[in-house]
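Here is how the chains run, residue by residue.
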Amino acid sequence: MEYWQEEIETMSRDRLEALQLSQLKQTLTAAKNSPFYAKVFAEKGVSVDDIKSSNDLQKLPFTTKDDLRDNYPYGLACIPLKDCVRLHSSSGTTGNPTVVLHSAKDLEAWANQVARCMYMVGIRNTDIFQNTSGYGMFTGGLGFQYGAEKLGCLTVPAAAGNSKRQIKFITDFGTTCLHIIPSYATRLAEVMYAEGIDPCRDTKLHTICIGAEPHSEEQRQRIEQLLGVKAYNCFGMSEMNGPGVAFECKEQNGLHIWEDYTIVEIINPETLEPVPDGVIGELVLTTINREAMPLVRYRTRDLTCILPGVCKCGRTHKRLARFKGRSDDMLIIKGVNIFPIQIEKILMQFGELGSNYLITVETVDNSDEMLIEVELSDLFTDDYSVLQSLTKNIVHQLKDELLITPRLKLVGKGSLPVQEGKAVRVKDLRKL
Amino acid sequence: MTINQISVFLENKYGKLSEILALLGKENIRIIAATVADTSEFGILRIIVNDANKACRLLKENNVNANLTDVLAIITESAAGTFAATFALFTKAGISIEYMYCFSVREKSILILRTNNKESALEVIRRHNLEYITENDLINL
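As given, the protein sequences belong to chains F and S, one line each in that order. Using the numbering used here, the letters of the first sequence map in sequence onto residues 486 to 917. Using the numbering used here, the letters of the second sequence map in sequence onto residues 1130 to 1270.
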C-alpha cells in the first residue's frame, strides 16, 4: 500500500481528532479577522475558549451560500488582500456571485490535497495527465492542474470541449490519466469509437477522475468498460477550494474526506441536528487549514451519509457515500450549477409566456439534457416564425445565463400540471 | 374582403386536436374550412367557422391559446391555371403568401390566404376585380 502522506492518511482517529481540534481553534481565531465572522461571532457570543472538544463544534453558527453572496466580494477575507494571490468566483448572474480567496499557502495546501487524491488512485509522476475541465474561474481546471504538477505528472491542460482535439492529445501525447465529467467521458468514448479508435487498444489511458456531476455506479462501470480504465469519483466544490475535498480510493467504496483539511458533519436539513453515521443528511464542512477565507460549518446542501466502518485501504479518514442529491433545488448539469430561479427570471421577461413552467432533466444517450416546457400566455400569434424566433430568443438568453443550452418547448395554456402549494418545477429523471 | 379565421396553438400531444374539435362541436360551432400545420415542437390549427367570435371566446374560456386573424377569401373558377393566374398577380405586386388553403364548392374554388401585406393584397383584388366572398356568404354556403 502506498500513500502520499502516510502519517496523515493513516493517523489514528484519536490523533486525527486532536489535530482537528487544534486546527479548528486556529481557524476560529483567524476567522474573527473577517468583517463577516467578527459580526456573527459577536452576535452569537462565540468564543474560541468555549471550544474544548470536537462536540463543541455544534455551538458554532452555520455559514450559508447566501452569507457568501451577501458579503460579496471580500466580506469573508481574514487576511489583507495584499496577502491573497487568487480568487475564484461562481459564474451565475442571478444575485451576487460567491467569491473564494486564496493565499499562496492556501494554494499550496490545495495542490497537496489534490495530489494526495490522485496518488491514492494510483496516479504517479510517470503519468501523463490530461485535464478536460474548463480553466479560469471553474476550479476543476486550475485545481487539478496544480495538483497534478505537485504530484509531478506531465500535465496536458487541454481544457474543455473539442472532442477530436482531446482525442488527438490522448493518442499523440500518450495520455494515461484524465480528469473529466462523467457525461463527457461517455461522449468522448463514443467519438473515439466513431473515429475507429478503440480506447482500450489504441490509447494508454488507465485511470480517470470523474466528478463535478452526479452519476450512478452503473454509469461509472459503463465508463470503465468503454474506455478500458478505472474511474474514480471525486468531489469538490468551489467554496471548499474545488476538487480534492473527497475522493474515492482504490476500493471504490466511498469517498475519503480529508479530515486534516475539513471537519465533516452530516445534519438533518430540517432540524439541523447531527445524524448518525449511515444516515443520509446534509453535508456540513468546516475548513481547518485555510487562512485567506476559512468557512465555519458551511452548509453544502449536498445530501450524503458517512459510511460506517473502516476502509480496507488503511486510511482512517471518513468516507462519504455517493451523493444522493441536494437539500435545495440546485441542479448540477454537465458540471454546471443551476438554480431553477435563474430559469424563471429569464422566462418571466417574456410577455408571450405564462407563469407556469416545468424543468425536466434526464439522461439521453448518456448525456444530461434539460427540457424546459413553458406555457404560452394569452398573447398568441398566428405566425409560426414569431413562435420559432421566440423559442430561439428564449433559448439564447437561457444559454447566456446557464452556460448550457436547454431544449425549450412552448406548450398551451393549462397543459402543465397545476401547481398547488409548493410548486414542483423540476423533474429530475436521471438515475443516481 | 377579409374574413375571420381562428388560429389555435396545438401542442404535439396525443388527443389534443380531438379535444379542441369536440369542444367546438359541443357548442354547435360548424367548421367550414380547416388546416393544421406542424413543426417538430407544436402545430397551429386554423379554422373558418360559422361564428368566429363565439368560437374564439369559447376556446379562451377553456384555456386554449387561440386568436382571431383576418385572412383573404378569394373565389376562382375550379379549372386548370386559375390559381396560377391569381397568384401571378400577387407576385407581380411584390406580395408574398404566408400560408394558403382552399376548398371547392360547385365548380368554384375558395382560396383562404394570408399575405405579408394585407393592404397591397386588397389593392390587387380591387384593381383586378378578383371575385371574393364575404364572411356572411361563406357561412351560408
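Worth flagging that the hints you see were computed from the coordinates, not collected in a lab. Hints are supplied without guarantee of correctness; some may be wrong.
[Claimed, not checked] Capping the alpha-carbon separation at 35 Å, the derived lysine-lysine pairs in DSBU-like fashion look like this:
id: 1; chain 1: F; residue 1: Lys894; chain 2: S; residue 2: Lys1237
id: 2; chain 1: S; residue 1: Lys1145; chain 2: F; residue 2: Lys884
id: 3; chain 1: F; residue 1: Lys912; chain 2: S; residue 2: Lys1189
id: 4; chain 1: S; residue 1: Lys1155; chain 2: F; residue 2: Lys894
id: 5; chain 1: S; residue 1: Lys1183; chain 2: F; residue 2: Lys884
id: 6; chain 1: S; residue 1: Lys1221; chain 2: F; residue 2: Lys912
id: 7; chain 1: S; residue 1: Lys1142; chain 2: F; residue 2: Lys894
id: 8; chain 1: S; residue 1: Lys1155; chain 2: F; residue 2: Lys524
id: 9; chain 1: F; residue 1: Lys894; chain 2: F; residue 2: Lys912
id: 10; chain 1: F; residue 1: Lys735; chain 2: S; residue 2: Lys1155
id: 11; chain 1: S; residue 1: Lys1142; chain 2: F; residue 2: Lys884
id: 12; chain 1: S; residue 1: Lys1142; chain 2: F; residue 2: Lys830
id: 13; chain 1: S; residue 1: Lys1237; chain 2: F; residue 2: Lys877
id: 14; chain 1: F; residue 1: Lys898; chain 2: S; residue 2: Lys1221
id: 15; chain 1: F; residue 1: Lys894; chain 2: S; residue 2: Lys1189
id: 16; chain 1: S; residue 1: Lys1155; chain 2: F; residue 2: Lys830
id: 17; chain 1: F; residue 1: Lys898; chain 2: S; residue 2: Lys1155
id: 18; chain 1: S; residue 1: Lys1145; chain 2: F; residue 2: Lys894
id: 19; chain 1: F; residue 1: Lys529; chain 2: F; residue 2: Lys517
id: 20; chain 1: S; residue 1: Lys1247; chain 2: F; residue 2: Lys735
id: 21; chain 1: F; residue 1: Lys550; chain 2: S; residue 2: Lys1155
id: 22; chain 1: F; residue 1: Lys809; chain 2: F; residue 2: Lys877
id: 23; chain 1: S; residue 1: Lys1221; chain 2: F; residue 2: Lys830
id: 24; chain 1: S; residue 1: Lys1142; chain 2: F; residue 2: Lys590
id: 25; chain 1: F; residue 1: Lys912; chain 2: S; residue 2: Lys1142
Do the hints match the structure? See the list:
1. Lys894/F - Lys1237/S: Outside the cut-off at roughly 41 Å; violated.
2. Lys1145/S - Lys884/F: holds (31 Å)
3. Lys912/F - Lys1189/S: Answer holds: lysine 912/F to lysine 1189/S is near 29 Å, not above 35 Å.
4. Lys1155/S - Lys894/F: The hint holds at about 30 Å.
5. Lys1183/S - Lys884/F: violated (41 Å)
6. Lys1221/S - Lys912/F: violated (53 Å)
7. Lys1142/S - Lys894/F: With Cα atoms ~12 Å apart, lysine 1142/S and lysine 894/F stay inside 35 Å; holds.
8. Lys1155/S - Lys524/F: violated (68 Å)
9. Lys894/F - Lys912/F: holds (15 Å)
10. Lys735/F - Lys1155/S: Roughly 68 Å separates the two Cα atoms, so the pair is violated.
11. Lys1142/S - Lys884/F: OK: lysine 1142/S and lysine 884/F at ~27 Å, within 35 Å.
12. Lys1142/S - Lys830/F: holds (27 Å)
13. Lys1237/S - Lys877/F: The given pair, whose Cα atoms are some 41 Å apart, is violated under the 35 Å limit.
14. Lys898/F - Lys1221/S: violated (41 Å)
15. Lys894/F - Lys1189/S: It holds: about 21 Å lies between the C-alpha atoms, which stays within 35 Å.
16. Lys1155/S - Lys830/F: Not OK: lysine 1155/S and lysine 830/F at ~40 Å, beyond 35 Å, violated.
17. Lys898/F - Lys1155/S: Given that 35 Å is the threshold and the Cα spacing comes to 21 Å, the pair holds.
18. Lys1145/S - Lys894/F: holds (16 Å)
19. Lys529/F - Lys517/F: Measuring from Cα to Cα gives roughly 13 Å; hence the hint holds.
20. Lys1247/S - Lys735/F: Violated. Lysine 1247/S to lysine 735/F sits at ~73 Å, over the 35 Å cutoff.
21. Lys550/F - Lys1155/S: violated (55 Å)
22. Lys809/F - Lys877/F: holds (34 Å)
23. Lys1221/S - Lys830/F: Not satisfied, since the Cα-Cα distance of roughly 47 Å exceeds 35 Å.
24. Lys1142/S - Lys590/F: violated (59 Å)
25. Lys912/F - Lys1142/S: holds (19 Å)
Figure legend: structure checked against the earlier numbered hints; hints not met, in rising order: 1, 5, 6, 8, 10, 13, 14, 16, 20, 21, 23 and 24.
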